[in-house]
Amino acid sequence: MEPSGSSSQLSRISSASSVTSHDDIVEKWFEIDDSIPFDVPKQSLEEILCDTLVDFDDDVDLPFKDEDTFSATDLRSPSVSYKLDSPLHVKRLESVSYQLESLLDREGGIANCVAVSSSAVAVGTTRGRILVFNRNNQRLESSFFNEICPVSSMDFNRDGSKLAVAFAVGKIIVLSVTSGKILNENSEVVQLGRGILQITMIGRGHRMIVVDSGGSVYIYESPYRFRSSRVKCIFSGARGEVVFVKMIADEHVLALVSLTKFYLITFPESRLIHVSPCVGSASKPPVLDWQYLDFKSLKGNSLSPVVCVARGGHITFYRLAPNNVTLEKVTFLRNLVLNFDVINLKWVDPFHIVAISSDERLHVVDIALGETAEEDISFLELVYGTAEFKGLSVGGNVSAALQYIADSVCYQSVRRYCAYTALLGQCAVFTLEISDQLSQLDAFVERDDITAAVSYAVDLYTEKVQNKRPGLKHHISSRFPLLIQKLLTKTTSLEGGNIRKLIEHYKVHIPLIIWSCVKTSHFDLLYNTVYPLLEKDALSKAQFMEVLDEVINEGLLNDPSPTLVKDYFEYLISEGHLSQFETAIIHIPLEKQDLDFAIKECTKHKLFDALIHISYVALNEYTGQAYPTGSLPENVAENLSVNVYRCLVSRFGKDSSSETYPYIRLLLNLDGKQFLDVLFTSSDSRVFTSDLNRMHKLLDIIYEVLLPCGDHQLLAHFLVFITHLIQSNAVSVPLHMIKSLIHSVLSVEARTERHPEVESSIIELMANIFGLDENYILTLAKRSSHLQVCAYIYSSKRQFKELVECYLDDKFFARLSAVNSFMTAELVVDYFTDCLLDPEDESDGFPQLVYNCFLIRRSRGWRDLTGKEKVDDALLSHAVEYVLRGKTTLEEDKELSEFLRYWLPIGSLSDRTLNQVVKAKFPFSSAVLFEARKLYDDAFQTLYNELEKFSPFAEDLVKEVLRLSSSHRTEASKGEWLLKLLLLLLSLTQSQLRKDLGDERYHLNMVISGIIESGSSSIENLVNSLFAHPIFSNALYEEFRPFINAILDSCRYESNALEITVKCIDEETLDNCGHLMHLQCEPENQTERVCPCNTALFGTEHDVDTLREFSAVVPSKSRLPLFSKENLKLHLGPGLNS
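For the sequence shown, the working numbering assigns the number 115 to the initial residue and increments by one for each residue that follows.
By construction, these hints were calculated from the structure, which means they are not laboratory data.
The structure presented is a predicted model; accordingly, all values stated were derived computationally and were not measured.
Any given hint might turn out to be false.
[Said to hold, decoys possible] The calculated label-pair distances, taken between Cβ atoms and stated as ranges, are:
hint: 1; residue 1: E940; residue 2: E871; range: 25 to 35 Å
hint: 2; residue 1: R1026; residue 2: E1005; range: 16 to 26 Å
hint: 3; residue 1: E485; residue 2: Q788; range: 15 to 25 Å
Cβ coordinates follow ideal geometry from the N, Cα and C atoms, glycine included.
All chains should be modelled from the sequences, with the hints used to inform the complete structure.
Below, the structure written as structure tokens:
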């Protein structure tokens, strides 16, 4: 038996006459009504795997709040977050596990199934042993052995006095837990060759539901008194193999799950009330559990059983709603999709389900929020029913579908009785507990995480975290003063040190303290404990006052002490927070205020709202409409509006001044817009509706006051006010007044700040008032650029050409560019390039617009903007001006230089752009433009000067100098650019060199190669200096072998060799004939050199034999060492001797 935690709370649903209370009285078999059109055909493994799964819309909320239990943030509270501990606690039953392990060591096998009752835990093994332990003291109460066969399933009856045991070979025995006797034994409940997957006892245990390995469901009645045992099949496996059954709703309903369907059948009426598909992975077993939940209805709260059916990662919830006195109405509640596959689940309380995933992890699933915690339980070595579902004890006589899910089945390893859940390992038994909110609060306090404890307590009190325990709110309230005291101690314990850290410390803790007291209504604690402690320090007091200001603005401060209010007022005045001071006077009860101080300060700083509030509330002097809040006595309010009207329209004031209508003038000068808004709000009040002449008179007076003053803003407000009156049919306004106001408003210059509703009001008047001159209004609107008015008139006249032209003025694109400059630039480039022909435009958005135009033209491959060089040059300077606005870094300089390289034909036309970048001290851009203007020395000097500053972009600057020197070798050689660059680099320390250049060897190699190739006159000294530098002098040859070879390769030794060869030829060549005369070939005794052509040896008259004789006397080959060590000496580098 696995009853719900509220097993007796639904007994009122069924009457006593319809419930089987005594098995010997009721002789009614439990069977499905064959008249119901219901059939589940037998399916093969392939059919099950290909079965279409039906999903449901998740459109029904469960009867609980959808709150986030992991955050403590609120709009009016500090952002203090906390992390909840895992509520899962898996505890090993040490005594039970030790005794079980000892037995298994003696007899062999492993634990195979477990059952739980109110007082006992029973374990069955694979060797047929049944052990019953006391749940409280874990003592072994009894041990049974019937035969050597795996125990496949066990279940206690309702009171735990009987234990039904099912074996894998199909045998059933019923044991007496107290006496240890076998009460009943039967081996013919299921068909021959079938094992038993599950046994469930009903009521006192005289009836049992049995599921065999063929998916059939039987009801077995054990012998009782004069009645013999009886067995009947109530569900055939041919209709779909049932794998799990459960009695729910105090045994009024039987739930069955097959491999494809979920069924609900009433008991004992035998009516099928629900059938639905099992949605989820076909490779995982379907599981179910149930719980009573509290539903709110029109009749109040009501408990209803809720069934959850899970398969794979899907959990579906159904509610069994009572219909009169029976449970017949089943409603779908919601679907919950998880990110793991469920192989077993138990409903541990009305709010949480514990699910076991296929990777042996235990998950806590909040039925409203989904998964909230998880824990690895692989150490349990959970027992699986693989052997039973593969039919190993009955010769494998099971279907392929059962074998397919066998590896994931653990129905008999996790059992629940009320809130007690047992998990079975192969050699141990464990219990599962879910900690409640108080345990979590205690855990925060124990580890001294007091900020998290206070935040969590507030969330529990305000039910931001769902309250799942009766009386929890009262318990939190009683513990709150101690929590606040601990938080205060932590807040004030940080003394001295860094002021900034102290302020940050106060900003975290003080708002939490104040808002916690406010939300939990602990105002006495706030006034008498918190504030006296925090006011001792100036910083903490200032932070306290800032948070108190938020509380007062929310209207949440209840019954503050006069001392606190006085200190708060003085703080606001000293800090100059006058608006907060005025708000505080209105929100804080006047009996708590120092009125003398408040009136003086309000008068001094002209805080009229506060003065009015004090006057009518405290002094009862001003009897106006309760301002800003409150109500007036009836005798005062009756004639109040008329008296106010008379005061307003009085021609002269009390002081008899010469100025007419002083009160209206005063209100218009103080806040004319607010005054007119109040008049419009009051236009439908009785004082005006009872006599329409009053509003006419008031309008005439305001018009008379405003027209001569020339205040365009007030006139605009008045025009809008009149328009609203006309729209609401509150009054008819004279035509001359409307014409005059429109003239005054449209005569304002275009640059003057305008009322946002003026143009729409004028259009509204033109549409509803007959007699307005549209041509005159159009002239005024065009002059002052009121484009909406112009558009309305042109549209009404269907003059669409003029409508477009009125927008295409010289300021239109500037206004459009302020909305989206790039899209405006695309429009200009494609259709309106003429608007760029005026490069002297000084509008703010014009430079950005031009810059985007250049970008668009570059992306399309164009090399000009308007086709006019002078105009493009001026426009380019505008684009550069936009880039230079507020930009000073070399990274931005590099971007600008790349932009200018593309537009060099335009940028080099004049010095305008060059002067801009030089003034901005952009070296890369300046060098590009200097080079374009053929000022190469200036380009080098600009880059060199930037290098002398040890710029972080030194590597890029060196590369730019090398590029410049390579492009202009003559100028570089003359100015010895590379020599200067190398000397500058060698003046740096090794660390600076590596920091600035990164791969310093590569860059030095490039510079030196350039110097050598240029043939500079002082190269020998330069190379000597180079090898004397620390970076080279202390290094091995191998480290710089490629670098030295590069130097040798770059030496122009070919020219030296050629020069020596020519010299040798000059010395060895005769002038008269030009033949070569090698010194080795001269006769030994001859003093003068004679050309061989003058000897007889080379005469044409000699024969071949003579020549052969001559060749015989020629000495052996000997060569002049043209490339001797001396001749190959490097004149451009260090001597070879060195």
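These are the hints, each one checked on the structure:
1. The hinted range of 25 to 35 Å is satisfied by E940 and E871, whose Cβ atoms lie roughly 32 Å apart.
2. A C-beta distance of roughly 24 Å is found between R1026 and E1005, which places it inside the suggested range of 16 to 26 Å.
3. Judged by the Cβ atoms, the range 15 to 25 Å given for E485 and Q788 is violated: they are separated by roughly 55 Å.
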